[in-house]
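K.L.:
Following the hints, complete the assembly by docking chain B onto the known chain A.
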Amino acid sequence: MAQSTTAAARLPRTRLNLSAYGERIAGFTILAAVAAWLAINFIDNPQQFMTASVIGISNGALYALIALGYSLVYGIIELINFAHGDLFMLGTLLSATVVAAAFNLFNEPVGMGALGWLVFAGTLVLAAAFCASINVTIEFLAYRRLRHAPKLAPLITAVGMSFILQFIGLKWNGSGQKDQPSVLPQGSIDLGGVQIDTNFFVVLAVVIPVLVLMTWIVTKTRAGKAMRATAQDPDAARLMGVNVNRIISFTFAMGGALAGIAGLMYEQVVTTTRYDLGLQLGLIAFTAAVLGGIGSLPGAVLGGVLIGLIQGLNEGVKYGAGQRWTQSVVFSILILMLVFRPAGLLGKATREKV
Amino acid sequence: MTMLDVSGISVYYGNIAAVKDLSLQVNQGEIVTLIGSNGAGKSTTLRTISGLLKPRSGHIVFDGRKIEGIPAHDIVRLGLAQSPEGRRIFPRMSVAENLDLGAYLRNDKAGIAEDQERMLELFPRLRERIAQKAGTLSGGEQQMLAVARALMARPKLLLLDEPSMGLAPVLVDVIFATIKRIRETGTTVLVVEQNARAALSVADRAYVLESGSIKLSGPARELRNDPEIAKAYLGG
Numbered sequence: 001m002a003q004s005t006t007a008a009a010r011l012p013r014t015r016l017n018l019s020a021y022g023e024r025i026a027g028f029t030i031l032a033a034v035a036a037w038l039a040i041n042f043i044d045n046p047q048q049f050m051t052a053s054v055i056g057i058s059n060g061a062l063y064a065l066i067a068l069g070y071s072l073v074y075g076i077i078e079l080i081n082f083a084h085g086d087l088f089m090l091g092t093l094l095s096a097t098v099v100a101a102a103f104n105l106f107n108e109p110v111g112m113g114a115l116g117w118l119v120f121a122g123t124l125v126l127a128a129a130f131c132a133s134i135n136v137t138i139e140f141l142a143y144r145r146l147r148h149a150p151k152l153a154p155l156i157t158a159v160g161m162s163f164i165l166q167f168i169g170l171k172w173n174g175s176g177q178k179d180q181p182s183v184l185p186q187g188s189i190d191l192g193g194v195q196i197d198t199n200f201f202v203v204l205a206v207v208i209p210v211l212v213l214m215t216w217i218v219t220k221t222r223a224g225k226a227m228r229a230t231a232q233d234p235d236a237a238r239l240m241g242v243n244v245n246r247i248i249s250f251t252f253a254m255g256g257a258l259a260g261i262a263g264l265m266y267e268q269v270v271t272t273t274r275y276d277l278g279l280q281l282g283l284i285a286f287t288a289a290v291l292g293g294i295g296s297l298p299g300a301v302l303g304g305v306l307i308g309l310i311q312g313l314n315e316g317v318k319y320g321a322g323q324r325w326t327q328s329v330v331f332s333i334l335i336l337m338l339v340f341r342p343a344g345l346l347g348k349a350t351r352e353k354v
Numbered sequence: 355m356t357m358l359d360v361s362g363i364s365v366y367y368g369n370i371a372a373v374k375d376l377s378l379q380v381n382q383g384e385i386v387t388l389i390g391s392n393g394a395g396k397s398t399t400l401r402t403i404s405g406l407l408k409p410r411s412g413h414i415v416f417d418g419r420k421i422e423g424i425p426a427h428d429i430v431r432l433g434l435a436q437s438p439e440g441r442r443i444f445p446r447m448s449v450a451e452n453l454d455l456g457a458y459l460r461n462d463k464a465g466i467a468e469d470q471e472r473m474l475e476l477f478p479r480l481r482e483r484i485a486q487k488a489g490t491l492s493g494g495e496q497q498m499l500a501v502a503r504a505l506m507a508r509p510k511l512l513l514l515d516e517p518s519m520g521l522a523p524v525l526v527d528v529i530f531a532t533i534k535r536i537r538e539t540g541t542t543v544l545v546v547e548q549n550a551r552a553a554l555s556v557a558d559r560a561y562v563l564e565s566g567s568i569k570l571s572g573p574a575r576e577l578r579n580d581p582e583i584a585k586a587y588l589g590g
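Heads up: the protein sequence lines correspond to chains A and B, in order.
Residues in the first sequence are numbered consecutively from 1, following this note's numbering.
Residues in the second sequence are numbered consecutively from 355, following this note's numbering.
These are calculated hints, taken from the structure and not from any lab test.
Careful: at least some of the hints might be erroneous.
[What the hints assert, rightly or not] Okay, the calculated beta carbon distance ranges per label pair:
#, chain 1, residue 1, chain 2, residue 2, range
1, A, 144, B, 467, 48 to 54 Å
2, A, 212, B, 391, 38 to 44 Å
3, A, 185, B, 450, 43 to 49 Å
4, B, 573, A, 149, 46 to 52 Å
5, A, 342, B, 393, 47 to 53 Å
Note that beta-carbon positions come from the ideal geometry of N, C-alpha and C, so glycine has one too.
So here's chain B without its partners, still in its complex pose:
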């Protein structure tokens, strides 16, 4: 079943097209990755899906509803949460408060407490830092917090923007192992990555973005073995 159907969107910054006639689908239960080099339009695509940017043309259907043009804060309510590029945690709030804000639209206190506990099991480092200001966390911890915060909304679809950015290789592995575990709990994941190798190793399917358009798509396993991809994105 298609959970997210992006069809033919174009997004402009002023007169410059950052994304041109882009289409992609994410099915329920999948991990899909959108890879591409810096400036290819990956973040623009995610920001458009989550409502921070409006497409000039094209449609976005999430869970059977048209969502292009709906404000970002209402899209969250439909079950689509994003962990943004650069983490964007709230630096002067505690880890606990950041997690609370992830559950901003929820009212079930018991459920929120339960989910917070789940997040602290998923990311034990956050438990040690629970009362600390988020701005004092290390880069890896901040990334974990950003993912955990997005999950606190109990999304059906989780959008992750460059979760490996600025992280040591060991932490990149941890993050991607976690992405697999997140899928096992029933959350569909669309992850944007510059680190194509890591992304392709966990994803079911992948799209390759170049200059704002999809250049190639297919099962992640096939793309991993594609010589052209290897040359352009896997460093050899």
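For reference, chain A alone in the conformation it holds in the complex:
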């Protein structure tokens, strides 16, 4: 009897939830403001708007590749791999080095054409393999030992790994820029007043097949099924006969390969890189992964493209805040996102793991 009275006393908690209501209004107001801003810029100068969008999507496609590496690893072992951005940086350095060496070997000036495409394709494979091996090695040497340690241990190890990779980059190329002419066709085409860089098509021609291939691996293959099973319940996966360590290595290899491919693309499009590039782009890509919902692969792609678009528009349209404000704008959006939708755009509400 006494028990039932306490239960009843605890029950009536249905007060009007004003704060949730206010939050919704605030959310819609912000969305409306963003939509108005987009509309004004579009009406003001549609060509400029579209040009900025194309640049944004092109950058966003690369952010998406890097963001996938964060989300793949987070999805399977719930670790933010802070070294991932620096892995990407090593990918750019390797790409620049290999492209230069290849043309040196053929005794030709770096340029486009058949040789350029051949070198590009070869470097793509090399950079993917290079970053995949580094990522697998990092997991094997460091993160695997800490799998049952408190969450903070692998996290701080990842930060340490980030510094180690940066230091390798510093030793490799010094503290200056590494400039490397591109083998990609330069110039742009004009589509009804919209300037589209030819690089844009190369980026899409690489990134889209890579994403399709990755989706196929994750959803259709035996290894992909094992990956998803491990992400959802590692012990249950073991009981199915899944070698969880091998699957985690495979996941790191995939994330690394994507970082390597992004490294080559970035190096070829931007034509310069530096040892601390990973810090900057890594943070942006990580933001993209969180924006899309960390652990969600479609989310990482969506987040990457969105951040690229935000950046492109912010820097390329009349009423944009300009390049120096890009990072502030990106992180403001991230913070708003976390306030209104903590799980990210396509993320699942975080559940407690038992």
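P.N.:
Here is chain B on its own, set in the frame of chain A:
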């Protein structure tokens, strides 16, 4: 013929012994149950047999091979599958994908398709839900899926951990009737249960676990009529 021979295993969590000097045997074709109250060490025993935990001492021989110390994913290959406590189905994968994962180590596509069909006959509810995400199934359906998933490995020995947990009495009967049918198809079963009444009604032999050690063992029929067991585990 002894299919599983567990002799004198002790399992520790840190410095605390969860299982002490435990021995049990399962013969081919039997249904054996391990009953005991909450925290007696039942799940620990099963998790040790399937390789998720390593015993500090003692031996486990399955089908003539020593398996203590072999990783869990390799033990499955030897023909020992487990449906774990709490079902542990993959919630964000479809029922079909869950069944596929049960057959993860098999390569015979035709055989896998055939077995999936058999599972859907055994559990018709799963057929209706085949494309649904497993996390959206009811508790009973999830339990059926967990059992079906383990059977997809075509195990010689099936370990079931608390298959009745959280199920309505009607469903408990269904699950245990299914366990009998599973044995008829030639699979040996070791089932861990808190629901001693249901377990003893289908099992050939039973072990009673208390504080990490076997307290009593014998034919299930005898244990069912044992006044001490009745008092401690059958609620009267």
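K.L.:
Evaluate each hint against the coordinates.
P.N.:
Hints versus structure:
1. A/144 <-> B/467: 48 to 54 Å: violated, 36 Å
2. A/212 <-> B/391: 38 to 44 Å: Violated, at about 54 Å.
3. A/185 <-> B/450: 43 to 49 Å: holds, 46 Å
4. B/573 <-> A/149: 46 to 52 Å: holds, 47 Å
5. A/342 <-> B/393: 47 to 53 Å: At roughly 36 Å between Cβ atoms, residue 393 of chain B and residue 342 of chain A fall outside 47 to 53 Å, so the hint is violated.
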